Amino acid sequence: MRHSLRLGLAAAAVATATLVATACTSSGGGTGSPGSSATGKAVSGGTATYAEPPGTTPNYIFPMLTAAYYSVANIEQFQRLSFRSLYWIGNAQGQPVVDPSMSLAALPVYSKNDSVVTITLGNYKWSDGEPVTTRDVAFWINLLKANKTSFAAYIPGEFPDNLKSYKIVNAKTIVLTLNGSYNPTWFTYDQLSQITPLPTQAWDKTSASGKAGNYDETTSGAKAVFNFLTAQSKDIATYGTNPLWKTVDGPWTLASYQSGGYAKFEANPAYAGPTRPKLKYFVEQPFTSDTAELNVLRSGNSIDYGYLPTQESSQSGVLSSQGYTTSPWLGWGTTYFLMNFNNPQTGPLIGQAYLRQAMQSLIDQNSFLAGPLKGYGSTNYGPVPVKPSNPYSDSYEAKGPWPYSPSTAVKLLKSNGWTVNPNGASTCTSPGTGAGQCGKGIAAGTKLSFTLAYASGTEFVSQEMQALKSDFSQAGIQVNLSSEPFDSIISLLTPCTSSQSSCSWQMLNYGGGWTYGVDPYPTGDQLFETGSGSNSSNYSSPQANALIQATVHGTVGLTNYENYLAQQAPVLWMPQPDYQISEISNKLQGTSPQSPIESLTPENWYFTQ
Amino acid sequence: MIRFLRQRCSQAVVVLLLVSVIVFGLLHLLPGGPARAILGTHATPTNIAAFNQQNGLNSPVPVQYWHWLTGVLSGNLGFSYVQNESVSSLLAQRLPKTALLAGVSVLLAVLIAVPVGFFQAVRRHRAGDYVVTTVALVLYSTPAFWVGILLIDVLAVRLRVFPAEAPQGSFSALISDPQALVLPVLTITLVTVAGFSRYIRSSVLDELAQDYVRMARSKGASRRVILFGHVLRNAAGPVVTLLGLSLPFIVSGTLITEYVFNYPGIGLLAFDAATSQDYPVILGVVIVVGAATVVGSLLADITHAILDPRVRASAGIG
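In the order they appear, the protein sequences are chains A and B.
Be aware that the first sequence starts at 6, since it is given in my numbering, and climbs by one per residue.
Be aware that the second sequence starts at 401, since it is given in my numbering, and climbs by one per residue.
Next comes chain B alone, as it looks inside the complex (with noise of 0.2 Å):
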């Protein structure tokens, strides 16, 4: 299991370290430069040098890219001349917020999921499971951005039952106003809940169909021992998967969320980071969104490996 796991994290520095390489690379190549884009239009070139000078911004991309690699390294990020604010103390106020909203609207998702991708799998080809599909098809074709303005012009501006803005301010204020939540996790969950109730439609259809279900029923199992005690643990496994490798599109995929109802989130500070050229806090986010990647992969891995003993095996895990 060690080896496994270095041999992991050792791919994890890699990927990571290209992505730096590449990000970093992409952002100098857009025209203009942070200077102007920070400085504003009445900036004189005596001021766009001073700048230039103070951020390390006249250095060739190489030297600018090993100065931001060895300060990574060594736990800084950098600082973000547009926020003014270090981009580690940006991230870890902006982090929780988002782990909030996404694993919120995930966890609602899998409670909602699990039980209708069943429901759907057991009454195959019948009325219920065509309507459950036809709902599911349309909610995953939707973008998130049109499902909230929905929900905003519904629930806030029509009915006023919800605000159409989250709540600002620290993490505090934000888990004080639970109702300033509800629009954008059910967003977020919404347009969730129909993949994975696909997925796990699809993964119990193939576990009802293995050869384990048929002698189980044959030695005169129940239905529900079967379905709760076989089926649904072998079909948990890839079920995990798809949510550790959902980790980064949720993290990212949070920004549209964010946008539409002003939530303080990562995905907003991604945003406005990369349309005012602040280049700390794009590549910040990055690497922050690439070891989410990473890390979930890892822990689909893992988990996947303990909930069924073939892939132990297939891996040499012992």
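Bound conformation, chain A alone (with noise of 0.2 Å):
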């Protein structure tokens, strides 16, 4: 055995020790910080209302959730709130890493050459007065190894298929076996924090009427308890009555439901966390349009923490003069646009590194953010996000290799056997695959011409797209925009071969990226590794394939990786924008910082006087 077991704790100790401390070193980002200056006096009690953007409601409880009802709104807004994971994700400094206080179990111990993982459990209750014990864990991990093709977390390789065994010490106790090695860090964010124990007490059953037992111990049984819970699930008439979902381990309750994704939460008074909450209710109120939202806003204070639509940043000082505040919002996540390496004509060049660095080297996110995002965003160079402030990212990726610079794009081009025709198309004029020539599969005259689809319906996209193709011209690429609906462009988002009809596209932008929640640890392993499922531009290296292995099963962390991909460009990166323009009233504190995973904690909120 190359580690001994106190190496391994000992390197599990300091990658923890050293996200801890970065962690505290640095601080959130965002301009405003509601919650963060009270100035009246707390009171108890009190309903919040946080206005849910269209398109944005929860709906399904069960946190084994199928990939239909896999979202934001219903993993950290909805279940989150009754259903805790066993490690939270998202510290007091609004950084994406785990908050040991607020997880159900302390941070893990890693031994055997990081193949053994121990874990042990805080001391939660339950809200029936059971406390949250292993075998709750167990019961989620039975249901999962029966079910796992319906958890829309499932990937292939592994949780739990990376599960060789795992035993029940104690009440408080689980060791997990792993497959392998795995790397601590990855392991812990990617696939425990997927883990939320669930009440075996009230869930272990079959039907309603039915006693629970312990079903989810044989695969049959699993199947019909998982079956059960789902069905459950779909019965949304009865969220708010159904004894069920009443057994929660988290600080609130559902208390009533309405098809449409309008929740009313009441705080949980056996909750066992570190804040309990101080509102006696709090309520999810759906909004179908920004126009309504913002409206509500301005007429007066029924909604208490809202959202100011970017198009309409303009009404920040409108909205200050109600009473609220503008509080950016960072999500946790790298925004880029797709080119298609298999595509039959535009492939090969796609597949030249220095015409990806040029195109990256042509986009101009400082005067996007300024222009279209409104100064709400970030810029974006690489895989691994810079913004909010984190442990992971590195100062070259966050720099950027391929800053804007039209000269810099020419000269690329030019060095590599192209005569560049600015505002026209730059033509290839020294095929082959030496030094100084075009690459393989460009022949001679070969123009730089590319279509880009991207979705319509978004503002800033939009405007982001007429920019970005007068900023290619100038090195000679020809971006020919094409506007489709934002469902027509996402239907393309699936690898495919260069054979294949679905194929033909070039240049795609749905307006979005990649948003790491449940897979807070930024490794790519599901983006840029070859042949895996979201490679929907189907870039395939062999080194990436290397780097992203090393994050997943070595211990290195994730610079050489995400500096990788910064320099190689196999997406064209593009500004982040924010997740929401939060605007919270001025009576509303303790809503600072906003989670960089996008859950709510209102337990932390309270109103003053």
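There may be inaccurate statements among the hints.
To be verified - Over 12 Å on every C-beta distance to chain B, these chain A residues come out as not near it, computed from the model:
1) 104
2) 170
3) 406
4) 425
5) 573
To be verified - Only part of the chain A face toward chain B is listed, based on derived beta-carbon distances under 10 Å:
6) 62
7) 73
8) 241
9) 267
10) 290
11) 301
12) 308
13) 496
14) 515
Stated by the list, open to error - For the chain B half of the interface with chain A, some residues (derived, Cβ under 10 Å), not all of them:
15) 436
16) 486
17) 489
FYI, nobody ran anything at the bench for these hints, they're computed from the structure.
Everything numeric in this text was worked out from a predicted model, so none of it was measured.
By construction, the Cβ of each residue, glycine as well, lies at the ideal position given by its N, Cα and C atoms.
Each of the two chains sits in its own frame; use the hints to bring them together as a complex.
This is the structure:
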């Protein structure tokens, strides 16, 4: 054995200490910080109302949810209020790191070359008075093993496939034996943080009238329990009354629910976490248009925690006079648009790193930030987000190896066999695979011309694309823009081969990228590894694969991976828009920081007189 | 009468069937398909295949339509994978709310439009008629969303008299907060009353030119008896037809108002469904609006026949 138990423990401790230390010395992003400077006297009770933006309404309560219900609105802003995960992501500084004080368990201890994980639970209780035990953790694992293909977050080869066995040592300690060595940080963040202990005493049953038992301990029983709980979760008319959903370990219990996403939570008096709710109720109110939500904000105080649509950011001053504080909410994700490496016509061009780098050099991110995004966003040059501040981002990636520089783009093209025609189409005049030549599969006379389909309906995306077309023309890269419905664009987000008709797209921008929600350790194993399910641009690089594998199985950090991907530009990195421009009533305090993975913690909120 | 009803109901079924075929076909021509729209950008091909399999979306379109139709005939309008609820349940929750909004608005519109239209007809080509006509034309040509926004800006934002948003939650929550219903009701009433009053004015003017009015005058009937005893009843016939035919317009027309005021009715449900490719809900709403059209038309015909003996005679209704 190369590593002793002591070394393994030491490595885990150092990794954790580094993360926590870095987290504690940095400050969160955001300009306004409501809740950080309470002026009035705190009062107990009251109802805080949170505005749900269009299309982000919760509608599924069972935490082991299928792909159709897999959303931030369901997981982070609904289920987590009542059912806490083993490890809570998002600390008091607003960083995407585990917060031990908010987690159900102490930080895991890795041993035997990081192939054995020991988890020790804290003193949490279910609302019926029963303690949260390792049996409840095993209940989740058993349900997942029997129904893994139904769970939206399941990725073949990952949890629970990488779990060899588990052993309940006692009510507080459970030991997981893995099928190999894993990076402790990756395993804790991207695997264990998905585990949500479930109340065995209330949920391990196969019918509403049946008694709870140990059905999950057999595969058929676990399937039956899963089917029962799934069916109950599809009966949303009973969400407010079904006794199943009343057994919670989180700070909130769902009191009532209306189809369309209206949810009213009441404080759970038995909550054993670090901060008990001061509010009596927490209401999530759906809005199907930004206009309606803004009108309500402008007209008074019926919303305590709302949002300002980016296109209406000029209204910030008006809302300030109404008693709201504007507070940008920074999400944990990276924004980019895709280039198809397998397109029969343009794939050989996209395969040339110098061309991708030239295109990246033509994206004026600062101009996009100041213009279309109205200042609500940050520059983004790689797979690991720079903001909110975090322990993973490296200065090389953060600064960007290919910042806006048309002269660099022109130079890259000229030095690789292209005759540059600004405002026209540059032409390959030196074909071949040698130094200074255009590269493999590019014939003489080939012109630099691409079709870029982007999702319509989002103002800033349209503005960015128009500006990008102009910027690209400086180096003679023609971009033919095509605006299509969002659903039409995202229907193409599937890996393809050059012979498939679905591979005919050349460039694709759906206005987003990747949000690191349930995979908060941003390794890219789902995005950039050859053949991975969400590698929609069909990027394939042995070196990138090796670097990604090192972040999953080794003990190295993300630096090499993120810097390589930033340098290679397998996608074109775009500025990262803020998740939301929050408008928070000055009477509501305790709302800062806003969670990087977009969860809600109204147990920290309170009104002031 | 029974034969008349049977005939009209048969026509209604055929119309609804045709509408459902057209809408079903058009929905499936939309690019993208519902799977990716529902599952989002993180979904893998495996997720999409599983979703299509579970929801029967990988079957040929005619087969999908047949499944849907047989479901409808057995009372099952399908399940909304976006809302996580059966379509019947969604419609049952939203329809009463829209009925309340549309019903109160139309009632108010009629109560205002009838006397206004009467007044205009009786005082035609005088100052009062011109003033009311001008106001009516302004309201008639103003889109509902603009009226709504103006009302919000003045009455909610500046004066803070009424809330800018309709009550959320259950139907009982809706009616327990009547103040919050004022602006949406006022919006629909204002844009509806203009058209109604113009129609009533024309209808009354037509009646005033009839021979029976001259006969009544020549026989010494008082103005009050002529206007309220004869003209009103005869002028009401076309108005009833107008109301019946307005039913689908009102049901679907509340969409804009519901959108502006975040009113949780069937219009907003349809809007959400359309933007999220929620096929079962779109079809359910189309069937409901289609049924409202047919029923409205049927009710208008029957009421008109009851009010006007000439209609009964020409339709052969005994």
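Hints, one by one, checked against the model:
no.: 1; hint: 104; result: 24 Å, holds
no.: 2; hint: 170; result: 26 Å, holds
no.: 3; hint: 406; result: 26 Å, holds
no.: 4; hint: 425; result: 35 Å, holds
no.: 5; hint: 573; result: 22 Å, holds
no.: 6; hint: 62; result: 9 Å, holds
no.: 7; hint: 73; result: 5 Å, holds
no.: 8; hint: 241; result: 5 Å, holds
no.: 9; hint: 267; result: 5 Å, holds
no.: 10; hint: 290; result: 6 Å, holds
no.: 11; hint: 301; result: 5 Å, holds
no.: 12; hint: 308; result: 9 Å, holds
no.: 13; hint: 496; result: 4 Å, holds
no.: 14; hint: 515; result: 6 Å, holds
no.: 15; hint: 436; result: 5 Å, holds
no.: 16; hint: 486; result: 9 Å, holds
no.: 17; hint: 489; result: 6 Å, holds
The earlier numbered hints are all upheld by this structure, with none contradicted.
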